[in-house]
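**Q** Using the sequences and the hints given, assemble the complete structure.
Quick mapping for you: the protein sequence lines, in order, are chains L and U. The first sequence stops at residue 205 when you use my numbering, and every number in between is there. The second sequence stops at residue 205 when you use my numbering, and every number in between is there.
Since the hints were derived computationally from the structure, they do not count as laboratory data. Treat the hints with care, as some may be off.
Any copy will do: because identical chains look the same in the list, a pair fits if it lies in one copy or spans two.
Dumping the calculated BS3-like pairs for lysine-lysine here, alpha-carbon to alpha-carbon at most 25 Å [claimed, not checked]:
1) LYS201 / LYS19
2) LYS186 / LYS205
3) LYS138 / LYS201
There are 2 protein chains.
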Amino acid sequence: MRIITISREFGSGGREIGKRIADILQMDYYDREILTAISEKTSLDEKYIEATLNSGLFRNFNISFGRTFAYPTGNADALALLTHQHQIIKSIAEKGNDFVIVGRSADVILEEYRPFNVFVYADMADRIRRCRERSGDKDVKDSYLKREIKRIDKSRRDSHAIISGYNWGDKMGYHLCVNTTGLEIKPLAPLVASFAENYFKSMSK
Amino acid sequence: MRIITISREFGSGGREIGKRIADILQMDYYDREILTAISEKTSLDEKYIEATLNSGLFRNFNISFGRTFAYPTGNADALALLTHQHQIIKSIAEKGNDFVIVGRSADVILEEYRPFNVFVYADMADRIRRCRERSGDKDVKDSYLKREIKRIDKSRRDSHAIISGYNWGDKMGYHLCVNTTGLEIKPLAPLVASFAENYFKSMSK
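**A** Below is the structure:
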């Protein structure tokens, strides 16, 4: 089974790279599908699940764990949702199909399957530009987008820290780190896919 | 003019990737050629030049600069050699030929030419193995190799810090970061070359 995980800074174009790689290599693709699965399991609203997982409320979890049970409610919810997410990601792998998965610390959760781990990043100006295009609102302020980007990156970093010895974005935790600054996303996808194929060929020896 | 700079952790196989990319893309290649050029300019021995540039003696240079002229002699030599190296690298670019250059903070020195910057890295066990093979001495101790690897990486980090706002190895300073852990070097070179070609195509638009 071949698994590719894509971790990415918010606004770097990593999700698009992941989607395109899945098309190129004809692999299953998981991203928001995970939120839908959690929603089915918990009967919670997808938007609530997403907001809670992105809230960064659990930022001190790894420090307070084992010392106190006095989490704010938000932390308990986030923790329960992370646990569901963890189980769902594991169960996807247990199906045995090749797949690409974006975000959600899948690089760490699926470590035993030796996935090919990619990190996608870009400079802040580029990410602000991409987020503005995506929002469809050309009047939204740079300062607002920058704050949102930093907040979401922080929640990704924090939830990653709970389960991994490597920091989110530390290149040692990835096989390939791709800077998309100033580049079109589309032509990057087959290049990353070639690195992944070389890796899987090498692993199968 | 197309320039590719390869920065690399000691023992990661980065030099081989650089050499192969130059062959694939039919570009000039610079690595030890720079030491030869410094030697011709200064009448110093190449081995002395290399040892001084790798000595890490100038580690506090960026801190003490402007505050004191009381460098140890080694620092003054290293600084003079870095200055020569800087000029030689600039003069290579002024020739106008496409080229690949390995190490020597060329990513920063040649910034105005918008080079494609690659960082090559690997985990410590892999780098120790590669250094042992390269040394041709299978009895050399792991602890010795590890110390040497750390020392040389440190001198690279320090000499980079003198001239750059980015830390050596900080992925934001590179277009692509390639982890060679567990992989053969040879098949990686054309993959990196493809990323470089995509970058140059995009820059020429």
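**Q** Of all the hints numbered above, which does this structure not satisfy? Sort the numbers upward.
**A** 3
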